[in-house]
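There are 2 protein chains.
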Amino acid sequence: MRKTIIAMLLALAAFPAVAATEHPCLLLTRSGVSTIKASLGTVPMFDASVAELLSNADAALGREVCVPVPKDGGGGYTHEKHKLNYFDMYNCGVAWQLTGKKEYALKVKEILMAYAELYPTLGYHGLGLSGTPGRLFWQTLNESVWLVHTSQAYDCIWDTLTKKERKYLETTLFRPYADFVMNGTEDNRANQRMFNTLNNHATWANTAVGMIAMVMGDRELLEKALYGTDLSGERGFIRQLDVLISPDGYFNEGAYYQRYAIWPFVMFAQCLDHNRPDLGIFSYRDGIILKAVDTLLQMAYDGVFMRFNDALEKGYTAQELISAVDIAYNADKADKQLLSVARDYQHKVVVTDAGYAVAKAIRDGEAEPLKLRSCVLRDGGDGTRGAVAVLRPAREDLDAAILFKATSHGLSHGHYDRLNFAYYDSGNEVVTDYGASRFLNIEAKYKGHYTRENKTYAQSTIAHNTLVADCRNQFGGKMAVAEESHPEITGSALGGSVQMVSAREDKAYPGIVMERFLFYAEVPFLQYPLIMDLLRATSDSPHTYDYPVHYNGHMISLSVPYTRAMDTMHALGTSDGYQHLWVEAEAAGGRGKTTYTWLTGRKMYSLSTATTPSTKVFLARTGAADPDFNLRSEPMYLIRESSAGNHLFASCLETHGKYDIDIEQSDNLESSCTAVEILENDPGCISVFFGFAGDKALTLTVWPAGEKVLYEINYDN
Amino acid sequence: MRKTIIAMLLALAAFPAVAATEHPCLLLTRSGVSTIKASLGTVPMFDASVAELLSNADAALGREVCVPVPKDGGGGYTHEKHKLNYFDMYNCGVAWQLTGKKEYALKVKEILMAYAELYPTLGYHGLGLSGTPGRLFWQTLNESVWLVHTSQAYDCIWDTLTKKERKYLETTLFRPYADFVMNGTEDNRANQRMFNTLNNHATWANTAVGMIAMVMGDRELLEKALYGTDLSGERGFIRQLDVLISPDGYFNEGAYYQRYAIWPFVMFAQCLDHNRPDLGIFSYRDGIILKAVDTLLQMAYDGVFMRFNDALEKGYTAQELISAVDIAYNADKADKQLLSVARDYQHKVVVTDAGYAVAKAIRDGEAEPLKLRSCVLRDGGDGTRGAVAVLRPAREDLDAAILFKATSHGLSHGHYDRLNFAYYDSGNEVVTDYGASRFLNIEAKYKGHYTRENKTYAQSTIAHNTLVADCRNQFGGKMAVAEESHPEITGSALGGSVQMVSAREDKAYPGIVMERFLFYAEVPFLQYPLIMDLLRATSDSPHTYDYPVHYNGHMISLSVPYTRAMDTMHALGTSDGYQHLWVEAEAAGGRGKTTYTWLTGRKMYSLSTATTPSTKVFLARTGAADPDFNLRSEPMYLIRESSAGNHLFASCLETHGKYDIDIEQSDNLESSCTAVEILENDPGCISVFFGFAGDKALTLTVWPAGEKVLYEINYDN
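Residue numbers (the numbering used here), protein chains in the order written: chain A, 66 to 782; chain B, 66 to 782.
Because the hints were derived from the structure by calculation, they are not lab data.
It is possible that part of the hints are untrue.
Unchecked claim - Computed spacing ranges between beta-carbons, pair by pair:
| id | chain 1 | residue 1 | chain 2 | residue 2 | range |
| --- | --- | --- | --- | --- | --- |
| 1 | B | 707 | A | 378 | 40 to 46 Å |
| 2 | B | 697 | A | 196 | 40 to 46 Å |
| 3 | A | 461 | B | 284 | 51 to 57 Å |
| 4 | B | 656 | A | 196 | 37 to 43 Å |
| 5 | A | 744 | B | 136 | 35 to 41 Å |
| 6 | A | 575 | B | 678 | 49 to 55 Å |
| 7 | B | 726 | A | 553 | 32 to 38 Å |
| 8 | B | 726 | A | 575 | 50 to 56 Å |
| 9 | B | 241 | A | 740 | 45 to 51 Å |
| 10 | A | 175 | B | 770 | 55 to 61 Å |
| 11 | A | 438 | B | 149 | 33 to 39 Å |
| 12 | A | 378 | B | 697 | 16 to 22 Å |
| 13 | B | 179 | A | 431 | 42 to 48 Å |
Claimed, not checked - If you only want the chain A side, here are some residues facing chain B, beta carbon under 8 Å, derived:
| id | residue |
| --- | --- |
| 14 | 140 |
| 15 | 143 |
| 16 | 164 |
| 17 | 167 |
| 18 | 377 |
| 19 | 634 |
| 20 | 662 |
Remember, predicted model here, so these are calculated numbers, not experimental data.
C-beta atoms are modelled at their ideal positions from N, C-alpha and C, and glycine is treated no differently.
Given the sequences, and given the hints that come with them, work out the whole structure.
Right, dumping it as structure tokens:
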């Protein structure tokens, strides 16, 4: 790896970079503009995107220039205004290039001049909420995003400015701005430390500085963006590509932040491809940038990113993905499935060379269907820190996915949820992950930041579908401890009629080994594939083990009698997330097995778990200990085994039934599982019998002890 | 009215009905089949519907004939099997007509013969759940539906049967079956009473008997279906058209049951139009059947029927609506907007003459957009029993609707919700109506019937957005009392920039006069139209008045400090629906006004109400006293005024903000209402001042006392 960088540095010395001699030169190029202008009116999706951009640019023309003294946090007036300003400048800049209407260029200039006046007067933002505070915004991250957009606007109107004007803007605004993002201030080097770190905020900072460097033709500044302020290559954009993305294209904070992280990666890469083709950036590390785009697309269900770690509902339509899909296609025009993402989900492209290429290929009928596949996506720069797995049905008529999470912690956005899983079917979340507790941009909700309950509930172990021991968070809820280790994927089988993935985790709870074996199998006598879940805890000392299943839908039946909270309801516990759960009902487990059925959309889902009458069963709902109504009200099913050393939670989850409300027809609405019996639970062998209606049965046997997990399913029908 | 009937009877005597001499003769006719067969492969939507029908017919061919002894209720095995059988017969019958493949006809015959063997052995259904029990099904209603489908199947294969076979089937099955539906049995005349009643079950029974009569060419039977068993015209299908549908095309049980009721009306009418064109059925009573179809389409939002009274989620895609739209268009080909309902929502047609006409017109590009309008739909056969009103925005860029309910009770499916309202916007229910508590066809949930909680909660007054006095249901929750009276619409203004509707109700609570004035107004300084709601209670004696607002979305802020249930939560009351509400938080009202803001989809909704510190405010959620988990968990906001004789709840509901998660831009997320002040509240005049940010204001003045409510809005901006 080090060798590659040195080779690059040498290459760099041997082939001096071309300073931009023509503008625009970033995502939109001068030759791109020529092609685009010649084709206006002939490429429908591009025309529509141009029309939208022009309409936004026209709206910007109608606004008085206003560059307020920074004051507010996310969602607040000055924050949103500075965001709007960079969108306005960007839109007007591109509009000028496409239409040649002078007023667009003048509007950009006018706003830039206002910033050039304001900027030198600013100290750090007053809010003091971030360890890396900005000037225009409360955190430097937003400062970088401003520069990424504004660089493009400046690039677009470059030719309209006099040399003197450019010098003024660069001296007063852009160089000090870039220097602040890169170095912070003499009395506070937080930004410099951040610029030289290897994380997503740093990627943004590198990209912002690199882009304005290319516009200004500042070779040295660009080198710092690429290789760190000390030019060592130990940090900077290129090193980020080595470290932040796994060999399978996975970014270690999860899909939601990979969506955000991908944006500077693809934008900077596109600009480098235009200005520094010698770097061959899209081929770097076996095409890691393109791989990261593909991986991100794979971690979605129905175009929405699967929710794990801190995550809100975002998907293919997010602005970052529109850029990513356009740029990835432009870099590798053989990947025609990207076109269907643009056509079927995004319905728009970015008004750049890349966006034009996408829209034109769609017009020419080149789109191919997006192929979603089962996959194991390794975590860690070298791919050794666990993985997230996605299982998808082999049958083409089904629309389902299972997510299994056995990655490393995922930095500050990670959740304490090792060996968690989620299930999606027929367009719905079925077994759910709460995701993040945050009301992005909503000032009234903790100023749009992550709420307190994000830490106390959303990140807690009980908020997930995995083992909780002794009602405590994994790793005691300590991120530093969680970051030290990672689970191991112990087996996987993808793509056939029996798919599986398994993992082992022995650090989450000291003295307890957790193993989970998740199967997704076509069963000849069942309507839909069966999920079988073996979750095992092994310990020398007794523990209380909780097996929570969060679901979306309405309770239909529980196979055992239960006591319902009628006029008074209490919280399930007092800490580690349990304080946030209302106990709606409790029950003793059934002799043999307990089955819980719920309705989601037009199908039934039945979870049958091996239990005994000493098993406790709870139906709970989020919302307790939530003084500010930050939590969504969501239901959960919980199975508890007390005073156990070793315990195997053996379950199957049936998808069944047809519930057609339009013609009022229904069938197969009841679970057909009649028995779940643990035949064997030894270190070297687990064997579970699942019985079904009509004297059907299957036995699942797993041998977990070898190099790789072995398994067998025997049918009895 | 009586005159019309007599004229008809005379007409009837003068022009003897043509007994069907050719088959099929019901919804599908012999000449229709010829046209259809000649056009197969040229009308895409029809071809797709034929393909679906043939695929269902082929599935039926693959099934063993099984006609089980009736045992189960809705959702249970025998119930669903007998339903499947009539669908199978129907599909195979039509398939035979279209393809001429003998096996389809044979399958129908085989199933019919099995029924002919089973039927004579049956007594009343064993379940004993209905006052009008059936034989194949637990209630005669389903018995009628079976006959409606099976008549068509029999009609389709008529020509393939020998005279002897037909005689056998008619003697053993169809005549006894029709007789049972029409007359019941000697020891139980419940069915006869029902057949001669004027309600929806009777419409089904009339239709079923009428259809089999037409197939068998039985003139007398058809007369009984049309004019009652005594042929008086005081009952029977024609009389239903006079009584059950209001002059505005409204069926008094509400949209959900109008959907169900419309089906026999349109089917029987279509068959009559084919066999008894002399009746001019589609012109009867000024085209009342077509008007009822149009009215039903108007009572929907985003293609889903607005939920009031007992209602589940159903809409334009329901099988009944597909029939209704096809038949209505076939009867009046000038109504081209029906075509867009079929094209944009239903995506299918019925495989009949009417369905073919629709599909062909769509292919020929004749569809026109569905025009949804503001309307007041009068209730009652003569239109004097109140009304339901729908207000829709005048601005074309908005997608919103307000429902205001001031109808009569609506028989057994009515709710105690006089002067209730609901609000829909941007594709979401915003201010919601719970609808019905029922899990249709789901055996595990009270056998698919209305749950106990339907009566104890869903029908209760507190489950709605209207006045509750002294925490009691309107009319003491007694249907018989509620049926005696109806509210009065006192004013309305539709379609302009200020729309309104108002009503008065003085029987719901003895000694209390309720008045509600609901405005929907474009306000120059607000982003979206403002809803203003004046709900007034007038009484000589003190009462506790509750003003509940059920909403869909997430709590964002309440303008006053509140106490949140943290680790224990209690029910709000002990009866009349209050026992089902958990108190999540309580507060004292603000001095002047209290504002509550929630987020639904990508917009904010803020309700500001005039309050004082002695006002009580509750945030509550359904789910208490619900032993079987029959209730959905839904939030509600409640304002309570205690010890008041006269009280005016004066509120405005702002729709505001843009919350674009894709590009993380937001603005106008906070309520701009700064004041709600009641200036005057006299019998003859109500005047309320609404203040808004930026020193804007408006004053709404209403003069409710005259013949018709007068009003004025004065802006101060």
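Checked hints:
no. : hint                      : result
1   : 707/B x 378/A: 40 to 46 Å : 42 Å, holds
2   : 697/B x 196/A: 40 to 46 Å : 43 Å, holds
3   : 461/A x 284/B: 51 to 57 Å : 55 Å, holds
4   : 656/B x 196/A: 37 to 43 Å : 41 Å, holds
5   : 744/A x 136/B: 35 to 41 Å : 37 Å, holds
6   : 575/A x 678/B: 49 to 55 Å : 54 Å, holds
7   : 726/B x 553/A: 32 to 38 Å : 36 Å, holds
8   : 726/B x 575/A: 50 to 56 Å : 40 Å, violated
9   : 241/B x 740/A: 45 to 51 Å : 46 Å, holds
10  : 175/A x 770/B: 55 to 61 Å : 59 Å, holds
11  : 438/A x 149/B: 33 to 39 Å : 37 Å, holds
12  : 378/A x 697/B: 16 to 22 Å : 21 Å, holds
13  : 179/B x 431/A: 42 to 48 Å : 56 Å, violated
14  : 140                       : 6 Å, holds
15  : 143                       : 13 Å, violated
16  : 164                       : 22 Å, violated
17  : 167                       : 27 Å, violated
18  : 377                       : 7 Å, holds
19  : 634                       : 5 Å, holds
20  : 662                       : 7 Å, holds
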